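Asker: First residue of the sequence shown? That's 1 in our numbering, and the numbers climb one at a time after it.
Hints may be right or wrong, so weigh each one.
[Stated by the list, open to error] 27 Å max Cα-Cα, derived BS3-like pairs, lysine-lysine:
1. K244 to K209
2. K209 to K249
3. K241 to K209
[What the hints assert, rightly or not] Pairwise CB distance ranges, derived in the manner of DEER restraints:
4. S140 to D43: 56 to 62 Å
5. L202 to L120: 36 to 42 Å
6. A80 to A35: 37 to 43 Å
7. G36 to A158: 31 to 37 Å
8. R206 to W156: 16 to 22 Å
9. N198 to N224: 15 to 21 Å
10. A176 to G242: 53 to 59 Å
11. I225 to A117: 20 to 26 Å
12. T31 to D243: 22 to 28 Å
13. P39 to R221: 39 to 45 Å
Just so you know, the hints here were simulated from the structure itself, not pulled from any lab data.
Everything numeric in this text was worked out from a predicted model, so none of it was measured.
In this text, a Cβ means the ideal position worked out from N, Cα and C, and glycines have one as well.
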Amino acid sequence: MRSILITAIALALAAPATAAGLQDDYNAAQTALDAGKYPEARDGFRALLARMKPGDNGRIVNIFRARLGKALISNNDPEAAEPLLAQALASFTGTTPEAVQDRAVAGFDRGIGLESAGRLDSAAAAYRTVMAEKAFAPDSSDDIALRTALARVSIWSAPDAARALIDGLLALPDSAFAKTTDARALLLTLRGRVELNNNHALESLRWFKLAASAAGGATTRKINIADVRIRGDLALAYARKGDKVEQQKAVAFSGAGSLVTEGLTSAA
1 MRSILITAIA
11 LALAAPATAA
21 GLQDDYNAAQ
31 TALDAGKYPE
41 ARDGFRALLA
51 RMKPGDNGRI
61 VNIFRARLGK
71 ALISNNDPEA
81 AEPLLAQALA
91 SFTGTTPEAV
101 QDRAVAGFDR
111 GIGLESAGRL
121 DSAAAAYRTV
131 MAEKAFAPDS
141 SDDIALRTAL
151 ARVSIWSAPD
161 AARALIDGLL
171 ALPDSAFAKT
181 TDARALLLTL
191 RGRVELNNNH
201 ALESLRWFKL
211 AASAAGGATT
221 RKINIADVRI
231 RGDLALAYAR
241 KGDKVEQQKA
251 VAFSGAGSLV
261 TEGLTSAA
């Protein structure tokens with residue numbers, strides 16, 4: 001549900017031809033990242049960094065570092081991304097709109113990297129720092145994504161806070177979400193996970209059923225990643241409840257094995 005908008009960077013360098021070349025290469029790398037061509041994006045941002053002068057710590061080079069960090073996270077290498085994002089964040093000082101946006105985008109990406117690495121408390125701290133910046137418009141897609149991420153990593157350490165965050169998001173009108181039922185469905189299943197993790201199997205099952213309904217049903221044959229996640233949650237809740245028949249049914253209809261191009265990547 002994340003759709004942070006990266007403003008075009010104005011490469012104010014001495015040689016106009018050089019600046020134009022860097023801008024074109026940056027645009028190409030960012031386009032590859034947006035399109036899910038993660039190895040291509042990683043290599044593109046690495047090449048841009050290699051063209052910078054040694055010791056350069058200006059805004060442009062740190063934007064390149066931050067975007068490379070995001071590309072590395074997308075390539076399942078959050079450990080390599082962490083020092084790049086930390087260095088970029090340290091340089092994004094000041095209160096100008098550009099500095100606030102740079103910090104928010106890089107800080108959000110750092111949180112995602114920490115979460116990917118299993119460092120959930122550190123990820124929560126990173127997300128809270130971004131939230132404190134108030135860089136994203138209230139109830140915008142970026143704000144919704146940030147609040148969802150903080151709720152997701154707070155399930156184990158701060159379940160009450162996670163509940164409150166998700167309940168606030170679920171209270172938003174449908175118009176606040178993308179034009180798909182999956183965004184709300186995934187929030188509903190996340191809400192169920194809070195209860196499942198706190199040994200409230202019956203209550204979690206109620207939320208998972210709501211999530212499945214919002215996603216179009218629990219037994220359809222045409223599925224996507226959201227369906228796999230929701231039906232997996234249903235299976236877990238039924239298992240905790242001791243209902244083996246419904247557990248097996250949820251597993252049978254999960255459809256995870258049919259997502260040839262998406263399944264393993266998402267599982268990782």
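Asker: Are the Cα atoms of K209 and K249 separated by 27 Å or less?
Answerer: 13 Å, holds
Asker: Are A80 and A35 spaced within 37 to 43 Å by their CB atoms?
Answerer: The hint (37 to 43 Å, Cβ to Cβ) is violated, given that A80 and A35 are roughly 21 Å apart.
Asker: Between the beta carbons of T31 and D243, is the distance compatible with 22 to 28 Å?
Answerer: 48 Å, violated
Asker: For the hint 16 to 22 Å, verify it against the beta carbon of R206 and that of W156.
Answerer: 21 Å, holds
Asker: Could you check the hint for me, namely that I225 and A117 are 20 to 26 Å apart, CB to CB?
Answerer: The hint (20 to 26 Å, Cβ to Cβ) holds, given that I225 and A117 are roughly 21 Å apart.
Asker: Does the Cβ pair P39, R221 satisfy 39 to 45 Å?
Answerer: 33 Å, violated
Asker: Assess, step by step, whether the Cα of K241 is no farther than 27 Å from the Cα of K209, and give holds or violated.
Answerer: 14 Å, holds
Asker: If you check the beta carbons of N198 and N224, does the distance land in 15 to 21 Å?
Answerer: Check failed, 28 Å falls outside 15 to 21 Å.
Asker: Regarding L202 and L120, is the given constraint of 36 to 42 Å on their beta-carbon distance met?
Answerer: 26 Å Cβ-Cβ, so the 36 to 42 Å window is violated.
Asker: Given the hinted pair K244 and K209, is their alpha-carbon gap at most 27 Å?
Answerer: 17 Å, holds
Asker: Honestly, do S140 and D43 meet the 56 to 62 Å range at C-beta?
Answerer: 31 Å, violated
Asker: That 53 to 59 Å hint for A176 and G242 (C-beta), does it hold up?
Answerer: 38 Å, violated
Hint violations for this structure: numbers 4, 5, 6, 9, 10, 12, 13, all remaining hints satisfied.
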